[in-house]
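*Asks:* Each chain is listed here by its residues.
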Amino acid sequence: MAGPVLEMRSIVKTFPGVKALSDVTLTVRPGEVHAICGENGAGKSTLMKVLSGVHPHGTYEGEILFEGELCRFKDIRASEQHGIVIIHQELALVPYLSIAENIFLGNEHARRGIISWTETLRHATELLARVGLKDHPDTRVADIGVGKQQLVEIAKALSKKVKLLILDEPTAALNDEDSGKLLDLILELKHQGITSIIISHKLNEIRRVADSVTILRDGRTIETLDVKDPATSEDRIISGMVGRDLEHRFPERTPHEPEEGRAPALEIRGWTVHHPIDQQRKVVDDVSLSVRRGEIVGIAGLMGAGRTELAMSVFGRTYGRHAGGTVLKDGREIRTKTVPEAVRHGIAYVTEDRKHYGLNLIDTIHRNISLSALSKVARRGVVDEHEERQLAESFRTSMNIKAPTVFEPVGKLSGGNQQKVVLSKWIFAGPDVLILDEPTRGIDVGAKYEIYTVIDKLAAEGKAVVFISSELPELLGMCDRIYTMAAGRLTGEFTRAEASQEALMRRMTKDKEVAR
Amino acid sequence: MSTDVTAKQPAPAPADSGKGEAGLLQLVLEGLRRNMRQYGMLIALGLIVVLFAVWTEGDLLLPRNVSNLVLQNSYILILAIGMMLVIIAGHIDLSVGSLTAFVGSMAAVFMVNNDMPWPLAVVLCLLMGAVAGAVQGFFIAYGGIPSFIVTLAGMLIFRGLTEIFLAGQTLGPFPKGLQKVANGFLPEAGPDTNYHNLTLLLGFALVVVVVVQEFRDRGRQLEFSLEVPPLKLFLLKLVALSAAILTLTFLLASYKGAPYVLLILGVLLVAFGYVMRNAIIGRHIYAIGGNLAAAKLSGVRDKKVTFLVFLNMGMLAALAGLVFAARFNAASPKAGLNFELEAIAAAFIGGASMSGGVGTVLGAIIGGLVLGVLNNGMNLVGVGTDWQQVIKGLVLLAAVGFDVWNKRKVGS
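Sequence order for the protein chains is Y and G. Position 63 of the first sequence, counting from 1, maps to 63 under UniProt numbering, and the rest follow consecutively. Position 116 of the second sequence, counting from 1, maps to 116 under UniProt numbering, and the rest follow consecutively.
Chain Y with its partners taken away, still in its complex shape (with noise of 0.2 Å):
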């Protein structure tokens, strides 16, 4: 048997802060499918971004070897010209221009700077042809699917004569008869001799297509299992990703008591999302679930199980297409048509992106903490300047906002800090329901211990708290109850006791056929 086509050996990459990789080594032989598995953040996507010189050579640690042969690529072309190519999860296609352009952007067929359009046409005519795509190469990216797209994506990779391609959660995006036309093009290729990477977190999908699987954990390679071995049960691949003790530290929590005959503060019937953009597409899929006041609930999903879309949709339907359900509080039904409304019901979102939805960077953290409730600070339309500073100094003392003055433009702060300022201003509003997405991520490990006492008092003082995470042991260590999700369903519910990382896990990679 050959060598390996690829070896990536103790691979250590540091970030500011963070060692997003401690210890990576993988092995890919020649001519298979391998799976790369482990859980948000185990370091999957750092990998690749270092082996397709996304992250250049000279900025991590440890060697790879391609096709026998020591690489330092410098930047994203040097990589492919050794025929590695990378497709993201986020298509890197420009939507109005053609497919045939799109396939051959900065690589075009050209003599001194002319395009041949006859050239570009043949070849592209070609190259559709090996990944089934019957479109017409003039036809614009923008009125095809994002199925086809992702074909698209390899016909591109094609034309630049991979050897490797690497795809990262090609299938999150699509639909189930569009995943299937994929992982049938994978094989497909691989009867062609292109040796595949191919990230996923579905079980399901690595079973169907893979040869062997590399698990990841906490930026460390944990293990490499060979799929056809039968052996290697879905179980097994699970108790790799992760198994991991409960090292992170949570403050105490009393348990929440149920109240007899009291209505959940919260509670949603029957939910249903469909994707913005393509309408076809249920991205949440008649969810119900409910909290009460005191308690914290956790809703537990791997990347694209829909938990943003439903928090989003449920506040003030700032995300798709709502195609059904209600919202119920205190066990009356009312309106969140609007973010006004919702907040106006006393319900508060922290966002998972504090950059982007969050947060107004080049303002003051006083002007971002009273932003949600301006009115509590203001009276006939006049906002009290004195009042205003007051508060947000009270929040800077009391959420240990490291910051010298609250003048200070939110931008220049830590992210833990930044999420503080989140968290306070969402506080400061008031709410009875405060749904948090994703609350400790990006942010070190003292600011996390700091957040989660937040919750717990926000839990205690009575509020109802959902809590949407991907990291496990945070979910175990604060939630009175944990939901699962996966591709838009809810999938799953635990108790505290029931609640286990294995237990966790198997519901959040189930794929649609669910046992419930």
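It should be emphasised that the hints constitute simulated quantities derived from the structure, not laboratory data. Please read these numbers as outputs of a predicted model, since none were measured by experiment. The beta carbon of each residue, even a glycine, is placed where N, CA and C say it ideally should be. Where hints are given, some of them may not hold.
What the hints assert, rightly or not - Selected chain Y positions facing chain G (in silico; Cβ < 8 Å): (1) T232; (2) S372; (3) V382.
Said to hold, decoys possible - Derived coverage of chain Y by chain G (criterion: at least 3 residues anywhere in the stretch with Cβ under 8 Å from a Cβ of chain G; other residues may be distant): (4) 198–206; (5) 341–351; (6) 375–381; (7) 385–392.
Model the placement of chain G on the given structure of chain Y, informed by the hints.
*Replies:* Quick look at chain G alone, frame taken from chain Y:
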């Protein structure tokens, strides 16, 4: 023109109180360094004034010329205030020059052709401006059409309508009452003191109001046990502010007194400064310009706010159109040419950002004055209009370039 008490940020206090004993100069420098963005343009304005005062051998600061400066620039300053709001909200308005001309022509149709009483005509004109702004605002906020496009269309439409209404002619004269508002001065009163008494009185009153207000503000801050700037720095600021007001007062009082237009401008500056800083709607304007997505998710009614900003711009453009037409005592099809560009330039010189979310009303006035003093000064020393444009272009580039450089240095 430092009549504004509301548009100043409270100067952040030094981090440790041990600096209380530091020298006054050091405190001032420290304060300036912290508020570079704020004071940078004010200092630049001061330098330009000094430069031209020397160059024109004092002619720039002759009472008569100062009076003229105010009158000449009033309409651009009025537009600049509205434009600042539009730019802070993350938009642009190219139609204001044409709208100015359009409202001027309507004013002439009302008053010259139909002998309408002038106060009624003024109200009608302001209403028309508001409606014109509201229509554009509707397309921008609710129709989702980019403001650049909508107001570019408005620029063409209103210019065309002006020419249609005036049939290519210049209409005038306007009623005496209106002329007086645009060109006149406060009436004489009291004993003969060689100065204009009412203006002096107004100036002194303003100083008292400013001082009392500042002390009350400081008192409130202490009451809330918030940190305040050191007393020395606070007093120095008051002295400088008062001196500036009194200088302007005496300059104007030794000629014909304060022009009515100056009062209008003062009221606009204080009112809009207050709204942008202290009113909820003002905060919401900053928020939608700073991060639209975050503002929406915070419950800001972004569409309504955008709509109102353009409605307001239309009304201010109408006011500028009235002042302009009355000052020249005629409505002309070519009125207000390039006013939108002057107003936009004033806003950017005054610290607005292309991406929105940044700027103050006082900044717009300072930016407008920089341009105004440049115009006036260069006229006095006899620089041709050709070179004037070149120099104004360079100043705009330098001002914004400095801003960008300063921001990069601080790092964001």
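*Asks:* Confirm or reject each hint.
*Replies:* Hint check results:
no.: 1; hint: T232; in the structure: violated, 43 Å
no.: 2; hint: S372; in the structure: holds, 4 Å
no.: 3; hint: V382; in the structure: holds, 5 Å
no.: 4; hint: 198–206; in the structure: violated (count 0)
no.: 5; hint: 341–351; in the structure: holds (count 4)
no.: 6; hint: 375–381; in the structure: holds (count 3)
no.: 7; hint: 385–392; in the structure: holds (count 5)
Violated hints, in rising order: 1, 4; the structure is consistent with all others.
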